[in-house]
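Visitor: Sequence:
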Amino acid sequence: MNLKKAIVATLVVSGMLAALAGPIPASAEAAQEKQQEQQQAKSKEVKIDKKMAAKLQKAVNALAGKEIKLKDVGELNNGQVTAQSADGKYGVHFDPKSGKIWSVSVETTIDKVDKKFQDEALKQLKSTYSKKKYVFNKNVRQSRSYDNSKGKLGDYVYYTLDGKDFRALVHANISEGYASASVTIDIDKKELDPKLLKSATEAIKTAFDHQFDVTKAEIESQWTHHTWVLEDDKVTVYMENGKAISLINEQGNKVTTNKEMTEKEAKEAVAPLAKKLFNIDITRYEVKWDSLFKDYRFIEKDDITAVRAALDAEKNVVYIKSGSRAAAGN
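In mature numbering (1 follows the signal peptide of the UniProt record, and there is no 0), the protein residues as written are -21 to -1, 1 to 309.
For the record, the hints were derived by calculation from the structure and aren't laboratory data. Some clues are possibly wrong.
Straight-line distance between alpha carbons at most 27 Å, and here's what the computed BS3-like set of lysine-lysine pairs gives [what the hints assert, rightly or not]:
id	residue 1	residue 2
1	LYS222	LYS254
2	LYS110	LYS169
3	LYS255	LYS177
4	LYS255	LYS273
5	LYS29	LYS91
6	LYS91	LYS68
7	LYS294	LYS243
8	LYS37	LYS110
Here are the in silico distance ranges between beta carbons for each label pair [said to hold, decoys possible]:
id	residue 1	residue 2	range
9	ALA292	SER128	44 to 52 Å
10	LYS110	GLY231	32 to 40 Å
11	VAL52	SER128	25 to 33 Å
12	SER154	THR236	12 to 20 Å
13	SER303	GLN190	27 to 35 Å
14	SER109	TYR157	20 to 28 Å
15	VAL25	ASP260	47 to 55 Å
16	HIS204	GLY231	24 to 32 Å
17	GLU86	THR262	30 to 38 Å
18	ASP212	GLU86	33 to 41 Å
19	GLU229	LYS23	24 to 32 Å
20	LYS29	ILE283	27 to 35 Å
Using N, Cα and C, we set each Cβ at its ideal position, and we do this for glycine too.
Use the sequences and the hints to build the structure in full.
Guide: Following this line, the structure appears as structure tokens:
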């Protein structure tokens, strides 16, 4: 696929994914869980005015090909509002501040998904991990981008296909006929490459002085880019080409301001690990506090983040990331 098209598709789908993202569950005592859920649901309700309702109605009708009754109250999740149909089958996802519609979605079934899109997902799944058999579940979530300037459905369509131990996201441009897929596959720890596991274990020992005992493993991929994600009850590590690129102490408590330590102190704490883990010497790099992610960026040149790290109050590393994960902050 043409690289420019691929980038555009990824950006559009990123917006659609943000619109469709679910709420992050809050931890709570079992006895309080129901009450908290009710309070949270109420606080997330957004009243939709008549002008916006008409715009949403037009969008959902275009996807359905018929009149669909939407609820007059939407649900706010991660900065986006979803207005659902009464039966929950359809949804319109929009930005409440700008009124921009990100996408329109519908619950559909696998038999209604074009075979070429199913084949695209299967091809990516098999090229990522060929040792499994992949059979799609019946239910599928389909989303369609929306062209706000023209007031009609956009060219990008997005399918969520899943099955036993895997998820596939197919994004396509229906007018130009191309598609790509990204997949996540759960892997039994017994099937892990011993060399991969050894590399992860050594990196985690170096970063956190923790004896890694993997409890969950999965592989993520898009095109030819593959990332392993390994977890235990304390640590998550991301691996590419057999090496750790991101390590996170899930139990750590990072500082949330840059007042606890100077940039020099942050660099002194992170530099030895960056060298040992990634073979990156950050001693001459510029250090910047990132107020969005509440961590430190170590910049090589042209404002490109080579390493990113968060520290706790005792200057212990809570997470350390390199490459694209350092640059993006994810």
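Visitor: Please flag the earlier hints that this structure goes against, numbers listed from lowest up.
Guide: 5, 8, 12, 17, 20
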